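Asks: All chains, please: the whole structure from these sequences, using the hints.
2 protein chains.
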Amino acid sequence: MTSPNLDVVAIGDAIVDVIASCDDSFIAARGLTKGSMQLLTTAEADELYAAMGPARESSGGSAANSMAGLAGLGLDVAFIGQVANDQLGEIFGHDMTSLGVRFETAPLSDGPPTGRCLILVTPDAQRTMNTSPGASHELTPDALDEDMIRSASVTFLEGYLWGPERPRAAMLRAAEIAHGAGRTVAFTLSESLCIPGRREGVRAMIDAGTIDILFGNEDEIRHLTGGSDLNGSIAELERAVKTLVVTKGADGALAVEGGRRVEIAAPAVARIVDTTGAGDLFAAGFLAARCRGRELDACLTAGAACAAEIISHFGARPEKDLKTLVKL
Amino acid sequence: MTSPNLDVVAIGDAIVDVIASCDDSFIAARGLTKGSMQLLTTAEADELYAAMGPARESSGGSAANSMAGLAGLGLDVAFIGQVANDQLGEIFGHDMTSLGVRFETAPLSDGPPTGRCLILVTPDAQRTMNTSPGASHELTPDALDEDMIRSASVTFLEGYLWGPERPRAAMLRAAEIAHGAGRTVAFTLSESLCIPGRREGVRAMIDAGTIDILFGNEDEIRHLTGGSDLNGSIAELERAVKTLVVTKGADGALAVEGGRRVEIAAPAVARIVDTTGAGDLFAAGFLAARCRGRELDACLTAGAACAAEIISHFGARPEKDLKTLVKL
Numbered sequence: 001m002t003s004p005n006l007d008v009v010a011i012g013d014a015i016v017d018v019i020a021s022c023d024d025s026f027i028a029a030r031g032l033t034k035g036s037m038q039l040l041t042t043a044e045a046d047e048l049y050a051a052m053g054p055a056r057e058s059s060g061g062s063a064a065n066s067m068a069g070l071a072g073l074g075l076d077v078a079f080i081g082q083v084a085n086d087q088l089g090e091i092f093g094h095d096m097t098s099l100g101v102r103f104e105t106a107p108l109s110d111g112p113p114t115g116r117c118l119i120l121v122t123p124d125a126q127r128t129m130n131t132s133p134g135a136s137h138e139l140t141p142d143a144l145d146e147d148m149i150r151s152a153s154v155t156f157l158e159g160y161l162w163g164p165e166r167p168r169a170a171m172l173r174a175a176e177i178a179h180g181a182g183r184t185v186a187f188t189l190s191e192s193l194c195i196p197g198r199r200e201g202v203r204a205m206i207d208a209g210t211i212d213i214l215f216g217n218e219d220e221i222r223h224l225t226g227g228s229d230l231n232g233s234i235a236e237l238e239r240a241v242k243t244l245v246v247t248k249g250a251d252g253a254l255a256v257e258g259g260r261r262v263e264i265a266a267p268a269v270a271r272i273v274d275t276t277g278a279g280d281l282f283a284a285g286f287l288a289a290r291c292r293g294r295e296l297d298a299c300l301t302a303g304a305a306c307a308a309e310i311i312s313h314f315g316a317r318p319e320k321d322l323k324t325l326v327k328l
Numbered sequence: 001m002t003s004p005n006l007d008v009v010a011i012g013d014a015i016v017d018v019i020a021s022c023d024d025s026f027i028a029a030r031g032l033t034k035g036s037m038q039l040l041t042t043a044e045a046d047e048l049y050a051a052m053g054p055a056r057e058s059s060g061g062s063a064a065n066s067m068a069g070l071a072g073l074g075l076d077v078a079f080i081g082q083v084a085n086d087q088l089g090e091i092f093g094h095d096m097t098s099l100g101v102r103f104e105t106a107p108l109s110d111g112p113p114t115g116r117c118l119i120l121v122t123p124d125a126q127r128t129m130n131t132s133p134g135a136s137h138e139l140t141p142d143a144l145d146e147d148m149i150r151s152a153s154v155t156f157l158e159g160y161l162w163g164p165e166r167p168r169a170a171m172l173r174a175a176e177i178a179h180g181a182g183r184t185v186a187f188t189l190s191e192s193l194c195i196p197g198r199r200e201g202v203r204a205m206i207d208a209g210t211i212d213i214l215f216g217n218e219d220e221i222r223h224l225t226g227g228s229d230l231n232g233s234i235a236e237l238e239r240a241v242k243t244l245v246v247t248k249g250a251d252g253a254l255a256v257e258g259g260r261r262v263e264i265a266a267p268a269v270a271r272i273v274d275t276t277g278a279g280d281l282f283a284a285g286f287l288a289a290r291c292r293g294r295e296l297d298a299c300l301t302a303g304a305a306c307a308a309e310i311i312s313h314f315g316a317r318p319e320k321d322l323k324t325l326v327k328l
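Protein chains in written order, with our numbering: chain A, 1 to 328; chain B, 1 to 328.
Hints are supplied without guarantee of correctness; some may be wrong.
Each pair may be met inside one copy or between any two copies, as identical chains are not told apart.
Below are the BS3-like pairs computed for lysine-lysine, each with C-alpha atoms no more than 30 Å apart in a straight line [claimed, not checked]:
# : residue 1 : residue 2
1 : 34        : 323
2 : 248       : 323
3 : 242       : 323
Hints in this document: simulated from the structure, not taken from any laboratory. If you're wondering where the values come from, they're calculated on a predicted model, not measured in any experiment.
Replies: As C-alpha cells, this is what we get:
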C-alpha cells in the first residue's frame, strides 16, 4: 500500500445554486416543506423559477461544497461530478478549479443541462431546496478516475447521488476501489433520506460495511434507523460504522468512535443569514482535521467553525479565509 | 400630451456580474487600474476568468441595477437591453421580471453570448470591473418600444452603451422620442468616460441639450469637462443640463438645479463590503424620489440611502427591502 498523495476525493452532485429570499407565505402557498430538499422535473423547476424572486447564483452541490471547504483549509482534494457543456457547467468548473480542487470529469455534450438547485431562504435563515439535477444524475462509473481514488486518504460520497442507478453504481464502485487500496470511505446522508424509498437501500449499504465515517444530522440519523430516540439510533449505527458524526444545529454536534462519545456546543454566530451548506462545511472541517491527525473533539470543533462561517452569509461556498478560522 | 403610465424606462447593458474577491497584488500583477472599468474581448475575458478566484453571480448592468432599485422602491419601470438566448440571459431576464421590471427585449438567437462583467473586489471594498459585453452591445434601435418610451416620465440612458454605434443610435433615438412626448431624459456617465475617445461625443451630446438630468461621480464630471476643479466643471455643466447630480463617495453628494446647489453628507455604513452598484443605486433612489415629486434634498437623501444598502454586501442588486429604508 503506497501512501496517499491526495487527502480527499468526493463524488457528488455538480450543481449551481440559485438563491432567492422569500417569505414563509410563499413556502406555504406552494405546499413546500421548509428546511427540506425535493427533486423537481425540468418543467417544475422552470415553473418555480418563474415564481421566485430575484436570485443570486453560486456553485453548490453537497460534497462539492465540502471539497471547496477542504481546499480552503489547504488540503489536497478532488471532485468527481457531472456537468453539461453550458454556461452553468463552466461556472461550476471554474469555481472548483480556481480553489485548487482537481475536477476533471468531462462535461456532457448531449443530454440535460447542468443541474440547478432553487433555494428559497426564509427570514429565519432556513433554506428549502428544490433540485433539478439535470446532467448531475448522468454520472456513470466510467467517470471514475480509479488511480485518483486509490491515491486519496478518504473517498467521500454524497447521499443525494444515491437515488439514480448509474451514480449509485459509481459510488459503490468507488467505495470498493478505496477499500481495496486500504483507504477510508465517508458518506454524508445530506437529506437524501427525505426521498421516498431511499432509506432501506442506504441502510443496507451501511450495514454491509461500505462506510467508515458517516455524517448526518439528528433527523437523518433517526430516520435512517426508523427510530424516534437519537441515542437508540446512535447505538444501532455505531455498530455499522467506525465513526459516526451527528450535527445538531444550534445544539452543537457529537461523534461516536470505538465506543467513545464526544460532544461539543455550537459556536455563537452573530447573525445567521442562510443555513445552506452548514452540514457540508461541517463535514469539510471535520475531515480536514481528521486528515491532519487531530483528536475527535478537535475534528468536531473544526467542523463547527466552518459551519459557522457558511451560515453567516448567503450561499454554500466560504467567503472568509477558512485558514484564519481553523488552525490545522 | 397624455399623462405617463410608467415612471422610468432605461436603456442599458444587460449583463451578469461574476464577482470574486482578490488581493491588491492580483490587481497589480495584471496591470489593472483599481476602481475602473475596462472592456475585454471574449478571449481576454476567458483568460481573466481562469485566473480569478471562485465567484458568485448576480445580475448587473448599470441602468439595469438602477431599475432593480426603482422597482424595489415600488415604482413602475421598464428596461430595454440585449441578452442572448442562453443560461445567463435567462438569469438576467428572470431577475428583472421577478422584480416587476418590464423587460421585453427579445433575446438574440445568433451571435455572441450574454455579456459578463468580471468584478474583482479588493479588501478595501473597491471593485475593478472587466466587461465582456457580448450580446449587450448588439442592441439596435429596432429593439425600442416607442410607445413605452412615450409613456414613461423619465427615459434613463447608460453611458456604458454610448460606445458601440447601434446602441448609441438607439439611445439617441429614445431621447428624441421622449422629448417629443414632453418627457425627461436622464443619463448616467457610469464610468464610460474611462474608455478612450468617448469623452468628446458624450460632451457634444450633452451640450446639444439631449440630457435633462445628468448623473456622475466627481472624477467623471471633472473628466467630462477636462478640468481639475470640481466647481469649475459644475459651473460648465449646469449650463447644459437642467439637473446635475454629483456623487462623492464617502463625502456625500450634491445636486445643482436652476442655479441652486444642495449638498448632503453620506450616511454611515457599518461595514462596506463591495462598492459595485453604488452609483446605480444612488440614481435609483434619486429618480424614485423625483418621480414622486420630492424636493432636491430629499432626492439626494433617497439616493444615498439606496447606495448605502448596496455597498454593505456583495453584488449590485438590493438584498434588503428598499421600501423600509426609503419612505416615499
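Asks: Going through the numbered hints above, which ones does this structure break? Give me the numbers in ascending order.
Replies: none
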